[in-house]
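Chains as they are written, first to last, in numbering that gives the first Met the number 0: chain A, 0 to 393; chain B, 0 to 393.
There are no misleading hints in this set.
Partial list, derived from the structure: chain B residues whose beta carbon lies under 10 Å from chain A:
#1 Met-0
#2 Thr-4
#3 Thr-213
Derived coverage of chain B by chain A (criterion: at least 3 residues anywhere in the stretch with Cβ under 8 Å from a Cβ of chain A; other residues may be distant):
#4 14–22
#5 223–232
#6 241–254
Derived from the structure by calculation, the hints contain no laboratory data. Just so it is clear, CB atoms sit at the ideal spot from N, CA and C, and this is done for glycine as well.
Chain residues, written in single-letter form:
Number of protein chains: 2
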Amino acid sequence: MENFTFCSPTYFAFGDGQERQTGALVRRFGGTRVLLVYGGGSVRRNGAYDDAVSALRQADIPFWELSGVQPNPRSGKVYEGIDLCRREGVDFLLAVGGGSAIDTAKAIAVGVPYDGDFWDLYSGRAAEKSLPVGVVLTLAATGSEASDSSVITHEEGNRKWGNTKSDVYRPVFAVMNPHYTCTLPPYQTACGAADMLSHILERYFTPTDHVDVTDRLCEGLMQSILAAAPQALAHPDDYHARAELMWAGMLAHNNLCGVGRKQDWACHQMEHELSALCGCAHGAGLAALTPAWMTYVMDRDVTRFAQFAVRVFGCPMDFRHPEVTAREGIARLTAWLRSIGMPVTLGELGFPAEDIPAAVAHRRLKPNPFPFGTFAAIGPEDMEAILRLAAEPR
Amino acid sequence: MENFTFCSPTYFAFGDGQERQTGALVRRFGGTRVLLVYGGGSVRRNGAYDDAVSALRQADIPFWELSGVQPNPRSGKVYEGIDLCRREGVDFLLAVGGGSAIDTAKAIAVGVPYDGDFWDLYSGRAAEKSLPVGVVLTLAATGSEASDSSVITHEEGNRKWGNTKSDVYRPVFAVMNPHYTCTLPPYQTACGAADMLSHILERYFTPTDHVDVTDRLCEGLMQSILAAAPQALAHPDDYHARAELMWAGMLAHNNLCGVGRKQDWACHQMEHELSALCGCAHGAGLAALTPAWMTYVMDRDVTRFAQFAVRVFGCPMDFRHPEVTAREGIARLTAWLRSIGMPVTLGELGFPAEDIPAAVAHRRLKPNPFPFGTFAAIGPEDMEAILRLAAEPR
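Please model the entire structure based on the sequences and the hints provided.
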């Protein structure tokens, strides 16, 4: 186990009706002038927008609105939000929605007190200050409701980049009512499950030894997600399946599963290039890449892949040929992703194989583009090979 | 899953050398005049006392000392600490040690700003304010370094009672260097493991359905503890085993494993009477009681006990006779506790069977003494029957 620090101070109000606490929570965490950040249709359909607006009105808290945040959220909205906050003296961001609304709110929140261009904070510079961000979550997926991360796409160069990780990005509260997620289309439910599973896998596949506690937490959470996602798809109104997914999504990414161990994140790095170029849903992009990445890097630590297969998927251990067990784990994960309607190849994702070189080239726009990943260091040739593998039928 | 709120804001600095952060952490959380709270011999032997003192001196933070805190810590030290803090204008408590030092520091911290007798806050009244408490942990056991709990024994009537749970009791930081625990005597290491296992079991055995995520977290943590404790006993200097135990002990009791589900706590309630009367170590008392409690309540939900046996101990499931599997799980736990040197009967604990009626009678001093427990409601006759069962040889 490596040394670490960990602090996940977010206050969670979880369950049916907790959205009625929103006004009191904004006040408790110092909000007196609020910017409500959201996308569009879904938060109006599931009632979250109306609930948040009435909670603020009842608490007599003045608020402004920034709507129209898109999936794979873009810098334009962030600049617009920063201007609005400065102009109106906003001191609190309330995101209503999923990862896109939250990540936009986070970017605005660090951008307002920052002297330069907020994009610096997504190009390697660490944020030192942030306005407080509260969340009303309507999508179980990104874990942004408690994480120290935020990902924004800059229109200029279509650069989909993450912030430099810092605890200042962690929301102060998250209202989590699983009912809000019952109206999600099946594809989005599945993308959410694939995303949270990936957040665990990125931490699980590590070169660090002696990490049994976090291994076990990862394995347990993955088993819960594997069970709950098909239930939520079969019975969209199943509150309990939605609740398991919602809480698992948070735990998958507040870094409880990642402390004391090197983390990989290669699939996320590659996926950002896919979704920047083809606009795919993040979870779907991860699903299409993960089996190929696993196959490509498996030989680095067959034992860990066998452990994954045995503990998470209950595969029988082939003690003489652990690589057989390891491959079986990858096959089971692939089959599971397909069973929930996720693409498991670039073709199924809608990413043309001829654009693979463009994805690799686009990665080079980043500062320090290669190598990435700690379980296996991925250089440009590796990235191209993994994408080619992901383009093959499976 | 039930509705819940959860907030575990403690900042953890985990690993070798993290004690050097202590001064900076005290400053960061507002400490300018500090009371150092500790027991005696062990923190001097393992170096934690000297390290804390030099950290405070280097950070130029004035401090006072309250030493001599005993296991099963008593109210006398709390009153002494409250007086000292008020007299000297102390604004920060730094506990160096295990649960006894931390629980004493917590009691002082809520007592200083409270107008009445601090004991009110251990007799049903909720604390509203607390001075900040920081921790340098030297024992992996109680989880008090991040929990909302504290248990104090009042000299008058020998009442070992817990606080009314509240987030104000959560420490602001915990420095956790596993090296400090390498010099623990084997018995204390084992008591710590039994205590953290019990913190999970008290949450695991629940009447609440649809709690898969927390079930899985509980099961994973228990498996880690079952593996790490024997390693630490066989090789006291094994940093990695100590690290797993130390982190598991925190996770076992910051309530991450208990959200959204009713919790039981019957064994803890009964154990407090045992240790109040016979002065046994808390973990040992829990070990001596838990197999008897399990046997007594198993019929309430045989399926849950079978799940425990299969998932935690890898017992084969007897699908036609799940009670066989359930009993096998209890037997395996009992054998494991014995294997690490824990008592599994009252006789082994040193609690005389003839004092059983006195333990039940002593419980009646509490406000609302019976029934307790949610998995099974324990009345006075049940408590007596469980203690008698615990007195039988196994």
